[in-house]
Each structure stands twice: as C-alpha cells, then as structure tokens.
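Asker: Throw the hints in and build the complete structure from the sequences for me.
Protein chains: 2
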Amino acid sequence: MITLDFTNAMSNGQGERGLAPDDIDSLKDRLKDIHTDIIQRKMSEFYFLDLPHQNTEQISLMADNIRATSGYLLLLGIGGSALGPKAILQALKPFYNLKHSPKIFIYDNVDPSTLTPILTLIDLKRTTVNVITKSGSTVETMASFIILIHALKELHGEQFYKRIIATTDPEKGTLREMAAKFGFRTLPVHPDVVGRYSVLSPVGLLCSSVAGININGLLKGARDMLRRCSEENPWENPAYMTASLMYLLQQKKNKNISVIVPYADRLKAFSEWYCQLWAESLGKNGTGQTPYPSMGTTDQHSQLQLWIEGPRDKVVTFIKVDDYGYDVPILDSENEIKAMSYLKNHTLQQLIKAEQEATELALVKAGIPNIRINVPMIDAYYLGQLFLFFELVTAVTGMLYGINPFDQPAVEEGKNLTYGIMGRKGYENKGLEVMSYRERIQKSKYKI
Amino acid sequence: MITLDFTNAMSNGQGERGLAPDDIDSLKDRLKDIHTDIIQRKMSEFYFLDLPHQNTEQISLMADNIRATSGYLLLLGIGGSALGPKAILQALKPFYNLKHSPKIFIYDNVDPSTLTPILTLIDLKRTTVNVITKSGSTVETMASFIILIHALKELHGEQFYKRIIATTDPEKGTLREMAAKFGFRTLPVHPDVVGRYSVLSPVGLLCSSVAGININGLLKGARDMLRRCSEENPWENPAYMTASLMYLLQQKKNKNISVIVPYADRLKAFSEWYCQLWAESLGKNGTGQTPYPSMGTTDQHSQLQLWIEGPRDKVVTFIKVDDYGYDVPILDSENEIKAMSYLKNHTLQQLIKAEQEATELALVKAGIPNIRINVPMIDAYYLGQLFLFFELVTAVTGMLYGINPFDQPAVEEGKNLTYGIMGRKGYENKGLEVMSYRERIQKSKYKI
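These protein sequences, in sequence, are chains R and C. If you use this note's numbering, the first sequence corresponds to residues -13 to 434, in order. If you use this note's numbering, the second sequence corresponds to residues -13 to 434, in order.
Hints may be right or wrong, so weigh each one.
Note that the list lumps identical chains together, so a pair holds whenever it fits in one copy or between two copies.
List time: in silico DSSO-like cross-link candidates among lysine-lysine, alpha-carbon distance up to 27 Å [as the list claims (entries may be wrong)]:
id	residue 1	residue 2
1	351	238
2	79	254
3	89	254
4	401	411
5	89	79
It is worth saying that the hints were derived from the structure and are not from the lab.
Answerer: The structure is reproduced here in structure tokens:
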C-alpha cells in the first residue's frame, strides 16, 4: 500500500515553519462534513469514486478487436482526455511505440505540424481512431476528428465508421448524435465524470487495454486506496491528511506553489496529469496553489536552487519508489576513474534513492516543508492507487477551500472568443470584440 | 526576426495593473551599466554570447563519422547537458526516432527502469556514446558512463574507447583525464560556459548535427539575435525590455510566477529548457520568479482556470508561431456535424492562432499581464534566435536583481549529502548526518 510520511511538514521537522497537530485537528469538523458529503455523493461529480467498481468487459473486448484489426490507434482528445492516457502509457509501457504494436499516437492539440507527421507515420488504412470528448463538442478534438473522418472516408468509403470508436456521454452531445447516425462503436463516459477525474473511466482504460496493461489491476489499486481512505479522521486517512496539509500550508504559511517531484522517469506524464487536476480544480476565488511538475534527480540540476534560495512559497511532495523493477550495478571503477571510486559496489537504484533522501534532508535543513509519498513499485495496481489518491486529495482540498473542485468557469471566455474569431453563429459580439482588440494591438507602440 | 509585443504588460493594456513607461525608464542607468559589463565580458561566464561565432567543422566531421558508423547515439548528461539537446531535437526533428537513423537516446537520470529498456532498444555494438559533463564529475552522468564503459568493453575489448565521445572541459576534470588516458575522442566545452547556457556549444550541437539539423543555421540565428539586442536602451532592445518587464512585474506587482506558453507542440522541451535556465539562474537571495511550463492550446484545458481565477501572482509569456510549416484544412463538415459547421473552410493553423489570440484577450480582460514573442517559424535559424534571446533575458534579469545568474550554490548541500550516503571519502560527516536524519524519520509518528 502507498504510504504518506509528513514529518517534514510538521513543526518537529520544520520548527516554526511547520504545522502543529492542533492545526490539523482544527479541520476535523469540516472534514467530518466533507466526509459525509463524499459518502453520500452529495455532489454528483463524486461519481469518479465509483469508477473503480466498473465492469471492464466491453473495454477489453473492444481492445482485443483493435489489436486484432489495427496496426495503429490514434487517440484524439485534449486536457484530461489525453493526460490520463499519456500518464498510464508512460508509467506502465515506457518506450511503447518503439517496441510494441498497435502503435498508439495521442493527438491532443491543434498544431498542424504535429498532425501532419503523425499522418505520415501511421498507415491510416490500418488505424483505429478513438475520439474522446465527453461533451461531444470540444473544439480542438472535433476539428481533428472532422479531418480524420474525411481521411478515413477517402480510404474506406461508407465503411469508414467501422474504424472509429467514440468515447463520450452515453446519451447527449454532438459526438453521441453522430455515433447514432453513422454507427460508430462507442464507450460511455458517465455524465457525472468530469474530464480531469476521468482517467479510470473508458477514457484512460481503452488505450491502456490495447497496450496490454492490466486495467483491472489499475481499478483494484484504486478500490484498495478508496478503502484505505475511508476514515473521516485525517490522522487515519492519508488523502484527508494530505489535503489538510496542503490547505494549511497555503493558508497559514503562504505556500502558494506545490511542487511534485517523482523520482521516476516513468511518472513524468503522471506529474503533468496531476498538475492539470490540481490547477483546474483549485484555481478559483482568487486562491489555489500553482502546481509545479518536477523530476528527480533531473531537476535537482534545475529547480532545486530555486526551492532552497528562492522565495519561501513552496511545499514539495516527493514520490519515492521502493523498487524500480530493474537495477544496474555500477561495477568496480577502480581502474577507470579513481575520482568516482565511491560509486563502486553501488547500483543505480541505490544512487537514485540516495539522491532523493539527500534532497529531502537538504530541504529540511533549508526549512522547506515537504512530504513524501512512498510507492512500493510502479505497476498497474500502485498506479491505480496513485490516481485515486491524488483525485481524492484534490477534491477534498477544494472543499476545504469552500470552492467547487469540479467546475472550470473561467475557461469559458476564451472559448467564446475563439468561437467569435471562427465565425460561429451567436458569437458575433465576441468576434467584434476580438476585431477591436486586434486593432488596438496593431496600433500599440509597445512592440520591438 | 523574432519580435516582442508587450502592450499587455503596460498600463494602457492593463490599467493600474500594468507598468508605466517611467517604470522602464527608471532602469535605464542600471541597464547601461549592465550593458557595459556585457560588452566588456566583465563576468567570464558571458562567454555564452561568443558561442554563436564558433567554428563547427570539428563537430560536423564527428557527426558525419557517427552517422557513417553507428545506428544509435546514446547521450549521457543531466541538467543543461540534456535539456538543450532535447529542446533542439524536439523542435526541429519531432518524432525523430520513429523516422530516422541513427536513433538518438538521451539518458538524463539515474532511473534504472529507464536505462534497462534503452539498453534493450539499442544495438550497443552499433552505438556511439556521447558523455557530456563539463566538470567531468557529475555523479549521475558518470555513474551511467561507468556502466556503459563496462558494457562497451565487453563488446569491443580494448577498442571500446573508439565508441565514446566525451564533451567536457578542454583541460580539467576527471572525464578529460580519462579521455587522455584511454584516447576517447573529445569535444571541448569552454571553461566559462555554464551548463544551462551551453545549448549552442558542442553540448547541443553534436547530436543536432547527427540528426541532420543545420547547426550553422542555429548559430546564425543566435548571432542575428545578438546584433538585434546590441542597444543599451531597453526600448530598442527586446531582451533588455523583456528582462525589465519581468523584473518590474515581480518587484512592483508581485508576479512571482512566470508562465511560458508556446503555441507549438514542438516547443515543449524548449519550455523545459527555459524553465531550468530561469529557475537555477534567478532563484537566489530569497527571490526569483518560479517559471511554469505550459502549452497552448492544450493547457487552456488545464492551467487557464488557475491563471484567471487563481492568485494574482502570474505573468504569462506567449510564444506565437506565424507559420507552422504545415496546414490541414478542416473540410466542409455540413453533412457530418452540423453543430461544428463553424469550423468549415478553416484550417488547423487558423484554429490554433485563433485560440492563442482568444486566450490572450481573455487574460487582458481578466487583468493578467502578458507579453507575446512572435516567431516567424520554427526552424534552426529562429530556434537559434530563441535560445540566445532567452539566455540574454535571463542573465540580464539576474543582474537587475543584483545576483549572479551563473552560479547555483544551493545545490551543493544535496550533492554533499549524496556523497555522504554513497560513502565518498571526506564526506563521512554528511553520512552521519543522514544516518541521524534517517533514525529521526523512522521514529516519527507522522506517517500513515
């Protein structure tokens, strides 16, 4: 089971800079209410907590079919619809495309200089397209999808629909309507699952299953983590404790930046997944920690200087891996490199763990609060634990702030202005607003 | 030429939240002194400004040789020694390993679960190893190198040295000594080039040349940018202006987080390169903006909510690309998707540019200061401009703060503690310190 060590966020680890047990206890009543809300699923969006119990048969069958019929899987999605799949594939199947088939490409932007090379790398005739948008109208995803529909039609004529799987709302939305009209295969995303909490839904599970990942292991890990986090008392509940620490460190100690630093290359995309989850869930009402993705040991050569000597506005979350699954001995170097002889009889695992411990202690000595999540190993089971853990931490932290951790109202304006530029009916005013802005910018003298 | 638009950082774009021309002018005297220091190369580390004038013949010859003799290039380095190469390869040769040979792998950590798969993916017999560490003793790089030496010896016996190129200090250090002893080929990194400012040295240029990138184009871009930034007056110098804006926005407006958001997938690694440069150069003396890597349009579905409704502590730097080099039409979708018909007769380029403009205006409306770097296209020439530009901005910003932008004193303690754990002679006290910390942590009750 994943464990949490928060010694270095408390005052005995950090002196006056840390929190006191009383600080944690002061949240007990609010956590009790939050716990009741969660248990009773008072907000429908808590449905993400039920995802670990889903039946995966349909997903597995569809994945089997893709593996049998396709050399390539092209996933179209953005935000949570892409970050979750990326996080799983990188953690559990690193270098997947260099070793395995069907090759999986995730196109999560509308950059033409990415799509064009992808279309030359894949054999579109042997490609299944998995388009993912719960609302069914995400502009970036649907723009790419329209392009792919045309390309598939050219190759397959009226049979094009057989190469498409739509992952979307079970009843509503443009993509759902299209699926009904053309006969695409579909996978449902429960209407109460918010994009950034959807990694353990068909959004993340279909491509994982195609890649041969044990998706039931992912879900079992998530279920076990959910059980582990079923106490209302934060001292017994690692997710509630972590949420409390983050909330208190921000509120009482002005730690406005939350650095996450896994000591594992394979968790790089996981960090990015977490950062989206954290930023979009908590950035509301003038508050919200800025999450900062980092990587150990690499970023000791990058960000560590800033953590230690920069502003005192950061809390660091280490993710430490107990067993990397591989190890490489650093053989006796006596003959080659005398100056490096202290490495002999050690292994890479020992070195990376030593660096994590050394960095942790260096932060303690500098008075930077930090916590550590210990992960026994990176496999489907523990990755499932990590996903559920951080989702729960994020939601509970949002509730401690008294904000809704499931909406994202501030992104609407940008969307509406985009509609205005693109000439969408009903957004003419937004179009005019952009025109006038453009004029102002063109006239501006603040250009070099 | 790359241009800068800073309208939205000034008070006419941002009301009271923006800067006034007088704010910029107040720095003129200091910039004059800084400019003199730079012109006179008062700090030897300004040597990075001379890199664009280097002769690349030796690098090109070595790259030709690698291409002729090797199926794989394995680069060992960490920090700037890896981020620079990654930034160039991703920007100019996206999906390189899926299309080209020799395949290039960059191993920049000591994670055994990355090295082991790499060693199964490459044919070590046909691999050239490029080990990069200026000091010649970076522990992570040298640990990997020792492992590779043993592996190469097993394959090639005493001829192993022919498969190694060491990029390091021209005279000093462990790696230089080894090169002399064993006869490795070498490329020099000038002693005054700091790792994070080394991308345009042989550190970044060798693998680029192997990948078929026009390295002289990179250098020409850097030279032209240097000429473009040769005025001491910030109103005539985009690098000095950007440095002034960042400094003033942090000092006067408490913008402690500097978001960089290229609208181009190919600049993702570039963002990470910039973040290392910024963080390690400026995080000193209790100050220094935290750089935050972002990606447009993708992170509109991730961080935008936080920028707009979160704390008012951010300045956003857009990188806008004028020509993506490719475009993809979004064909008439009338028959397929009525709700998306506003996309018809548009292209992906139009959409991604519309989203950049819409997001910029949304930030303006929310009162978030932002600047825009306009890049004509992403090729070697303009990438060279970008590198030199951001290096100069970083150095000058550091000098405005009155700190040394070229050192990183705070990372020493972590290194020393690592030596202590690994049993290096002379670091016994550090080892004892870790032992006592470990004991304290083991006894701690703050664990779940």
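Asker: Against this structure, judge whether each hint is valid.
Answerer: Now the hints, each set against the structure:
1. 351 - 238: within (21 Å within a copy, 31 Å between copies)
2. 79 - 254: both (13 Å within a copy, 21 Å between copies)
3. 89 - 254: both (20 Å within a copy, 22 Å between copies)
4. 401 - 411: within (14 Å within a copy, 60 Å between copies)
5. 89 - 79: Classified as both; 12 Å inside a copy, 19 Å across copies.
Hint check: no violations occur; every hint is consistent with the structure.
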